[in-house]
Amino acid sequence: MNFVITVLTLTVRFSAALLIASLGEMFNQRSGIFNLGCEGIMCMGAFMGMLIPFSYAGAEAVPFYINLLGLLGGLASGIVLGLFFGLIVITFRAPQGIAGIGLQMLGVGIAGTLFRSYIGGTQSISGISSFDIPLLSQIPVVGKIFFTHNPIVYIAYLMVPLASYIIFKTPWGMKVRAVGTNPRAADSLGINVNRIRYQALATGGAMAGLAGAFLTLCQAKMFNADIISGRGFIAVALVYFGHWKPSRIMFGAILFTFAQTLQTQIQIFVPSFKYYEFLNMLPYVLVIAVLAISRESNKLGPSALGKPFNREMRT
Amino acid sequence: MKNSYKIWFKVSVVVIAVLSAILLGSLLIIAAGGNVLDTYWIIISGPFYSFRTFCEVLLRAIPLIIIALGVSVAYRSGIINIGAEGQMAMGIAAATAMAFAVEGAPKIVAIPLCILAGMAAGAVWGFIPGLLKAKLEVSELLSTVMLNYVAAQFYSFCLRVPLMDPAEIAGGGTGTAMSAKLPQNTILSKVVKGTVLHQGIWIALALAIIVYILMWKTSAGYKMRASGASSRAARYGGINVAFYLIVSMSISGAFAGIAGAVEVMGTHGRALEGITSGYGFSGVVVALFGALHPAGIIPAAILFGILLYSQVSLQLFTSVPPNLVTALQGVIILVIVSVQMIIDNPYIMERFRKRFFSRTKEAAA
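Which chain is which? The protein sequence lines are A and B, in order. In terms of the working numbering, the first sequence opens at residue 1 and continues consecutively. In terms of the working numbering, the second sequence opens at residue 1001 and continues consecutively.
Pulled out of the complex, with its shape left as it was, chain B reads as follows (with noise of 0.2 Å):
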């Protein structure tokens, strides 16, 4: 074949990556004292221990799968939506509110108003960001990561002042800053009994099959590809950039309102603090692992979830600390993205035919 060392070239860089992702993490878990195989080994055959295991890693993969739609929308769109975290905590806080505003209405409307809120609120703070980057030229990497402390912040105090547990302030409780249990016809039921896995997966699924319609399948999210693929080229076309830029960004920040609504209606049953605990940012590991597709985000968020699961068995059954996973996850955006750029630069694989396939070519002719 002619191009054969095309492939050669793709398959052995990715090769090379991921040995090099293996091998920093294995010197990472030598430095913290821990036993390589071993700990790959918890990784990796952790949940599959049993069913009820399993369903655990599709738990976290739910909002992994949320929120990394949401940043592969705005990605596509070319802007980097890193403020997940905040907008979250800010659909958290928004359903929370309307759950116990609609505490007695029957389930089939109560949950979706609850969802709408956590969505409404987290599309607010993705606009924001949106907003800035289209108006006033503000880097939305920048102001995304300032608007996730402002909503920590918010939300905090949401759940210490109007969302506080009656039950803790008439000195019932600890004290703990925690909204009181969410009222039985807004929690979203277990899709098996018995395991922690609940309705919040067909959620994230639908999401899924919308982004690919809305990306693939109508002109608003042509539009938007286009306008991420190369914003001057689109203007030209009359694309209007910086409004799909401020509408794809909200519609990021939807989504992680929607992750944050989901995770807790049917995780936590209250909000508490800490339920963000860094999807915002795995989620944006997720969207470039998934390569920024439906079909792909569904796969990366299972394995992610796998990673992130690993927390828990870790500190089970080693001395190796959970904060491993965070490393790996920032060894795995470099690696991608490293990975990305190789295979894309044409330098590196005509040097690459010249080193390894130059010969036979010759034999050839």
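Same shape as in the complex, but just chain A (with noise of 0.2 Å):
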């Protein structure tokens, strides 16, 4: 009972990063941008968020907005390395797969440089601590399993009903499936396309980085090079295997989570088990599997994703 609490406190726990980095995705392929620069983003974010509490007091306790800024700091970083990408995949048409490539080696250069330049090593700092619901985490099970998390956890759940409420209910959201579905049609009827397919790389980019700021914040408490370690291709996987709906991308984002979490569990409460590689593969070979079931799921995808719009030339 112990070890399936543990699971599950820690499956919620640890799901937040993968869902914001998710759910921004979702807004870069909905508006057919299709963004494999994720996990470089996550990472300049991750670095930002250690940044700016370590420089402030090391490995000593900070006041809570110092740690908001750093949030804040892995945002706007996300949001330059968005608008970026947006300006090579965007203006410049490049291809985007490539493009994605580059931008993933880019921040993830970027951030090892300038980790060792300013901070050095493996250095820790003190992060935003838990927040433990009052009445709500005294119910037994449940309470813990739900209520005694980051803030930051708290705002990733609530943010799947905004992401759909945004994506589905807003002008702005119908204006970025329209540009990921058919952006000619959306031109014709006046929308500026290149625009909002910069307005959701800026969004997509944000929630990157501050995923990657959650996690040397409120997960890690640390940071080093590898700290992303794939998360940011498991986001763009997510988002295929949620067929670009927030609610279906939440469920993946748990479910690779609790896969990823019972492994390292497993590793703790039965140490004799001596082959657990096998066991790290397992959430990446899952990944894999239900992107080959799913291939129907292609069709339900924006059609326009990954074509570049060109407004002068018929297609």
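Possibly wrong hints are sitting among the right ones.
Stated by the list, open to error - No more than 25 Å apart at the CA atoms, straight line, and that leaves these computed lysine-lysine pairs for BS3-like:
{"#": "1", "chain 1": "B", "residue 1": "1135", "chain 2": "A", "residue 2": "307"}
{"#": "2", "chain 1": "A", "residue 1": "299", "chain 2": "B", "residue 2": "1135"}
{"#": "3", "chain 1": "A", "residue 1": "221", "chain 2": "A", "residue 2": "144"}
{"#": "4", "chain 1": "A", "residue 1": "307", "chain 2": "A", "residue 2": "245"}
{"#": "5", "chain 1": "B", "residue 1": "1354", "chain 2": "B", "residue 2": "1006"}
{"#": "6", "chain 1": "B", "residue 1": "1193", "chain 2": "B", "residue 2": "1181"}
As the list claims (entries may be wrong) - Here are a few chain A residues that sit away from chain B, every Cβ distance over 10 Å (derived from the structure):
{"#": "7", "residue": "55"}
{"#": "8", "residue": "134"}
{"#": "9", "residue": "139"}
{"#": "10", "residue": "172"}
Stated by the list, open to error - Here are some chain B residues pointing at chain A (derived, C-beta under 10 Å):
{"#": "11", "residue": "1033"}
{"#": "12", "residue": "1143"}
{"#": "13", "residue": "1147"}
{"#": "14", "residue": "1327"}
{"#": "15", "residue": "1339"}
By construction, these hints were calculated from the structure, which means they are not laboratory data. Ideal Cβ placement from N, Cα and C applies to all residues, glycine included.
Take each chain as given, in its own frame, and dock them per the hints.
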């Protein structure tokens, strides 16, 4: 029982970073931009989340607003990288898959370089501590699993209905979907396709940066160059898995994190199990398997995904 | 000349691109607290310090050439292989296992067998995403990245359990997960005594010729290039696009596997953690930088060998962290893909002509 509660609690806690990044990537892809550089943006965000509180007080406790500033720093760096990616793939119309690899290397490289020159080695920060919701956290079992987390975890889960509302109900969300589905039709209705795509990339970048900052400030409370360890790529895959819908993306994020938490906890609870590398593989194999099974889902996606829009050219 | 503006356009785009890449790099060096000119000078001049340091560059160029050749085959066939990292790891594991199996065999038999083993393992690891893409429409960008992580775990497992150095288990070592030293009959000998450069360079050059012949002189290569250029037209022309997708991806994986085998047999002499060290991703950059052609890939790989070697010299002579090189590679990818698209954009070219060449044209008229 104890084992089950631990696994479920950690699943809810650790899924937040993946969830935020995936929801951000959903905005990118809904507008027709395949941003594989999510990993790089997250790494940059994670670095900002470390840099700001660390340069204020090192490993000492810092006022809450400094940590908040760290999150905002991650968010801002995400916006900058998102817009930079927009310059490459929207204005210059570069192929998105390969440009995404470039952005990933750029983000990871910049974060690693600045980390080595401003922070040096492995350092810890106090970070943002967990917050037990009064009353609700007292409920046996359920309270521990759902209501004893970091404030950002709650915000991440609140983002799911919010993202759903924005993408399906607001005028801006409809424009995003329009430029991702049929940019030419959207253009003929007077929507500025490229501007909407830039906005979507800024939104997605901001969320990826925030997810990165969350990782350092709330989860790991330290930074190293491979802190993201593939979460950015997983986030992109989860958008496919989630059929570009926030609620399904949330389900995917939970499922993946559950697989990952389960394997780490098995290693802790059953230390005699020697072949733990095979457990480590499981979450990644799961993602491939799910992508392979849900092949029909590609048809549910934005039909202009990955295609640059050229106003001057007939298509 | 009537169309001289086209040449001027291309030249100026490339010049601007190079300048902006240098500028972005400089900003990063300044942010990292380094001296821009010194840093660039160390990156460029480091390899030419002596013949031995230049061999260090060529040493790094060997896996880059082999991987980039494989990536270019896949890219030309319309599939992007960013899984070379994992395919290389599988190649290393298989080649190492084979090396211990053929212990005592003559060198002329042992070395090809090890390379074949690495090649086969890499090919399998390339076949999987190729099949997933062709039959189940799984994006190769996602599946190859996931397979990289799976391969990395499998590789760690191999180092820790089946291939673990018996001396480490016996308590003689520090317990580091690595294989025993490869038997002497599977080690690639050095090209020049006293340097690090090994015979793998000939393998890399031979593979470059093979790729050229395969892609430009055989009908299979023509079909692959046709599938990549326009899969619908190729299908209409009776080419089995799905089949060639899988074949090209397997070839791509096989090359990464060979790179892994050559790297373990020539450079390290035993399987260790971190042999792949980003070669898989750098291979993609090299392939693009070399315009996806063997004749371009070889010089591009030497250039990137210089860049990778600078990771060593930067650490020795400056305070700039070697991670800078990763960021520079990212900048280079982004600049290359942008430049290609701008050069092919007739609209921007037309604006360029109006802006800078309209007066001369009027004068001529």
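Numbered hints the structure breaks, given as an ascending list: none
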